[in-house]
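Given next are the chains, with one letter for each unit.
2 protein chains.
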Amino acid sequence: VTSTFISDFRSIKPKFLLKQEQAIQSLVRLRLQLKLRPEGWDEQTIETRIRRFGLANSQIETRGTEISDYVESNNSIDSFFKNGQVPSLEERMEFFKKRTNEVMNEFYDAREITQPSDIVHVTCTGYTAPNAAQELAANWAKKSNTPITVTNAYHMGCFASLPALRIAGGITRTHGGRVDIVHQEICSLHFDPQTLDPEQIVVQSLFADGHIRYSISCDADTHGFEVLALREEILPETSELMSWIPNRTHFAMRLAREVPVKIKHALKPFLQKILASAQISQSPDEIIFAIHPGGPKIIEAVENELDLTAEQTIESHDILRAHGNMSSATLPHIWQKILANPKRVDGQVVVSLAFGPGLTLSGSVFRLIHSHGSGSAR
Amino acid sequence: VTSTFISDFRSIKPKFLLKQEQAIQSLVRLRLQLKLRPEGWDEQTIETRIRRFGLANSQIETRGTEISDYVESNNSIDSFFKNGQVPSLEERMEFFKKRTNEVMNEFYDAREITQPSDIVHVTCTGYTAPNAAQELAANWAKKSNTPITVTNAYHMGCFASLPALRIAGGITRTHGGRVDIVHQEICSLHFDPQTLDPEQIVVQSLFADGHIRYSISCDADTHGFEVLALREEILPETSELMSWIPNRTHFAMRLAREVPVKIKHALKPFLQKILASAQISQSPDEIIFAIHPGGPKIIEAVENELDLTAEQTIESHDILRAHGNMSSATLPHIWQKILANPKRVDGQVVVSLAFGPGLTLSGSVFRLIHSHGSGSAR
Numbered sequence: 037v038t039s040t041f042i043s044d045f046r047s048i049k050p051k052f053l054l055k056q057e058q059a060i061q062s063l064v065r066l067r068l069q070l071k072l073r074p075e076g077w078d079e080q081t082i083e084t085r086i087r088r089f090g091l092a093n094s095q096i097e098t099r100g101t102e103i104s105d106y107v108e109s110n111n112s113i114d115s116f117f118k119n120g121q122v123p124s125l126e127e128r129m130e131f132f133k134k135r136t137n138e139v140m141n142e143f144y145d146a147r148e149i150t151q152p153s154d155i156v157h158v159t160c161t162g163y164t165a166p167n168a169a170q171e172l173a174a175n176w177a178k179k180s181n182t183p184i185t186v187t188n189a190y191h192m193g194c195f196a197s198l199p200a201l202r203i204a205g206g207i208t209r210t211h212g213g214r215v216d217i218v219h220q221e222i223c224s225l226h227f228d229p230q231t232l233d234p235e236q237i238v239v240q241s242l243f244a245d246g247h248i249r250y251s252i253s254c255d256a257d258t259h260g261f262e263v264l265a266l267r268e269e270i271l272p273e274t275s276e277l278m279s280w281i282p283n284r285t286h287f288a289m290r291l292a293r294e295v296p297v298k299i300k301h302a303l304k305p306f307l308q309k310i311l312a313s314a315q316i317s318q319s320p321d322e323i324i325f326a327i328h329p330g331g332p333k334i335i336e337a338v339e340n341e342l343d344l345t346a347e348q349t350i351e352s353h354d355i356l357r358a359h360g361n362m363s364s365a366t367l368p369h370i371w372q373k374i375l376a377n378p379k380r381v382d383g384q385v386v387v388s389l390a391f392g393p394g395l396t397l398s399g400s401v402f403r404l405i406h407s408h409g410s411g412s413a414r
Numbered sequence: 037v038t039s040t041f042i043s044d045f046r047s048i049k050p051k052f053l054l055k056q057e058q059a060i061q062s063l064v065r066l067r068l069q070l071k072l073r074p075e076g077w078d079e080q081t082i083e084t085r086i087r088r089f090g091l092a093n094s095q096i097e098t099r100g101t102e103i104s105d106y107v108e109s110n111n112s113i114d115s116f117f118k119n120g121q122v123p124s125l126e127e128r129m130e131f132f133k134k135r136t137n138e139v140m141n142e143f144y145d146a147r148e149i150t151q152p153s154d155i156v157h158v159t160c161t162g163y164t165a166p167n168a169a170q171e172l173a174a175n176w177a178k179k180s181n182t183p184i185t186v187t188n189a190y191h192m193g194c195f196a197s198l199p200a201l202r203i204a205g206g207i208t209r210t211h212g213g214r215v216d217i218v219h220q221e222i223c224s225l226h227f228d229p230q231t232l233d234p235e236q237i238v239v240q241s242l243f244a245d246g247h248i249r250y251s252i253s254c255d256a257d258t259h260g261f262e263v264l265a266l267r268e269e270i271l272p273e274t275s276e277l278m279s280w281i282p283n284r285t286h287f288a289m290r291l292a293r294e295v296p297v298k299i300k301h302a303l304k305p306f307l308q309k310i311l312a313s314a315q316i317s318q319s320p321d322e323i324i325f326a327i328h329p330g331g332p333k334i335i336e337a338v339e340n341e342l343d344l345t346a347e348q349t350i351e352s353h354d355i356l357r358a359h360g361n362m363s364s365a366t367l368p369h370i371w372q373k374i375l376a377n378p379k380r381v382d383g384q385v386v387v388s389l390a391f392g393p394g395l396t397l398s399g400s401v402f403r404l405i406h407s408h409g410s411g412s413a414r
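Residue numbers (this note's numbering), protein chains in the order written: chain W, 37 to 414; chain C, 37 to 414.
One chain only, chain W, in its complex shape (with noise of 0.2 Å):
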């Protein structure tokens, strides 16, 4: 079988960045503001219950968001939230719309970007028909005369950049060609203010936005990695404790206690089987991981389960206290990050590990390609 190449990463920032003592505060702010807020939720109650279940900045300095009203304490002319009012799903969706469309146009603008063949779009919190992959494919229309094909990877959750590899290594070997994959995630757009649920809590200090884009085809001659195997698992008995589902205001997120604890104890049997699938003879203690940070205790039980150091995942722990989890976006920030980090050699191993609902184990192996011209050395 053709090997894959991953290359070109290049991320957009969400509008506004946020730290983290700011965002518990705007979560307090929020539900003060409610024009229909439950019976006694007074200021002390609700300031008590986020700073309790909130996750601390110990984990999470920073995130990105794209919704004015995490950031400022007043109504603005773009406010989201207005006069307390809860947005409904449609609202949400039209700004989706709206913000993919410009972060879209912004990544394919640069001059020197030449047209893919194919787009997959990668998204679990915003779904328009046309897609802002679309819109951009039918204003390519007019001056090409080789289509974009767009693909759609939706629902798939944090982990659907490795579906996304799979989709669009599928594609580059069938017919050759560069294959994008944009990642669009607006994750602070279903905080749901009307709630103090300590599983929300944590959802909304912990999920942020991201835009991702990087690039897939059959090219050797790059600067990024090859993909030797990628690995799927869903867990039995696991489907209750991790949910998605689109709402009347919101898309909804379950995420139970439980979940890296059913992780961790799937790791080292998935970890076996997909080294051997790659045919990886270095000692996982020379291998960098990429770890999806899906809840707080996450990077910690892999961390633990699998005997790793902190020079080995120090990405992962940078992306998220710099970025929070910006769900299927994540692990590919963090695969940028390896690639700008000089101490990651040409031909060292990463291996990306990334959780859904399923609960799904995902995972991929890849070989880093540090200098053009290199070539993969398999």
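FYI, nobody ran anything at the bench for these hints, they're computed from the structure. As the structure is a prediction and not an experimental result, all values here were calculated from the model. Check each hint, because a few of them may be wrong.
Note that identical chains are pooled: a pair holds if it fits in a single copy or bridges any two copies.
DSSO-like, lysine-lysine: derived pairs with alpha carbons at most 30 Å apart [stated by the list, open to error]:
#1 K71 with K118
#2 K179 with K373
#3 K309 with K298
#4 K309 with K179
#5 K71 with K304
#6 K298 with K373
#7 K71 with K133
#8 K178 with K300
#9 K298 with K333
#10 K134 with K304
#11 K333 with K178
#12 K55 with K133
#13 K49 with K304
Once you have looked at the hints, place chain C on chain W.
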């Protein structure tokens, strides 16, 4: 590039069969039963308007639905619109989850069915994570050491069977194995009774529910189709004409009158390009056409533009007449019908055409393989 093959179609009928006259009556009745009925909506106004814009049974005779309210006039125990209330989006997603799980289990309940390596789950009418394919994979994981990998092909609309072939073809080319594609569309879940807009009356008298499963592999020794070409184009300046966006109660469709005209103009060059890429030498009048019946006028528009005979499109008319527009499940039902038609012989070329938001014009070229052991004639 290795060829891929389609085989083993199995469809499962929705719970209720709805005659078109009965459907028209239920569209009237559900409006009369509305708890919050708009002013001026008396019986005569409603009936006149529904009969004026609803599709008569000259083109569609029956459609399948999972919702009992469309066939029964009483408020039965499993009534969806309880006491004339309009269900919220979360109630509809819950309904979707329950019913798709049942149907998925039925698809994989047969003793003779072996485990696929992958399932590509295709829908644009219900998004839950985990989904029915993931629940099935989780159950299967209890008795098998090899996981079933699930990939979503979501929110692409009526033409999604063709991206699903692109995804599944890439997967089986990458690692072999049998990739099952499972379509589950419950369009009637999203009929909003709170409107008398002509466009919406057309939608509610056209769309229907459908479930179908088939398999993709690199195994030429099959009874089915060889995939020779796939192509997708997005037409510039048409993005406003068709849309599909979740709102607080349902997924809402925009389907403008101009769609058939816009599509019609793009057909000839599209057909020329896709036949060229499939390296087909047959005369166009020997080709079978599978045309997605996106609207009442689409099949006719395609026939006129491409000069097709009734013989060439008979299965498309049959499926529209007996099932309505089942969104992404429609083309696979037409393919199943072509395979079952004894007049269609080994080696015949089948061109499929489907349309969706973008506007996207999507197509495929297959070669029919009518007897086991015949392999590919290519």
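Each hint tested on the structure:
no. : hint           : in the structure
1   : K71 with K118  : both (10 Å within a copy, 29 Å between copies)
2   : K179 with K373 : neither (35 Å within a copy, 40 Å between copies)
3   : K309 with K298 : within (18 Å within a copy, 51 Å between copies)
4   : K309 with K179 : between (47 Å within a copy, 18 Å between copies)
5   : K71 with K304  : neither (49 Å within a copy, 56 Å between copies)
6   : K298 with K373 : within (28 Å within a copy, 45 Å between copies)
7   : K71 with K133  : within (26 Å within a copy, 33 Å between copies)
8   : K178 with K300 : between (50 Å within a copy, 18 Å between copies)
9   : K298 with K333 : within (12 Å within a copy, 53 Å between copies)
10  : K134 with K304 : neither (43 Å within a copy, 34 Å between copies)
11  : K333 with K178 : between (49 Å within a copy, 27 Å between copies)
12  : K55 with K133  : within (26 Å within a copy, 38 Å between copies)
13  : K49 with K304  : neither (35 Å within a copy, 43 Å between copies)
Of the numbered hints given earlier, the model fails hints 2, 5, 10 and 13; all others are met.
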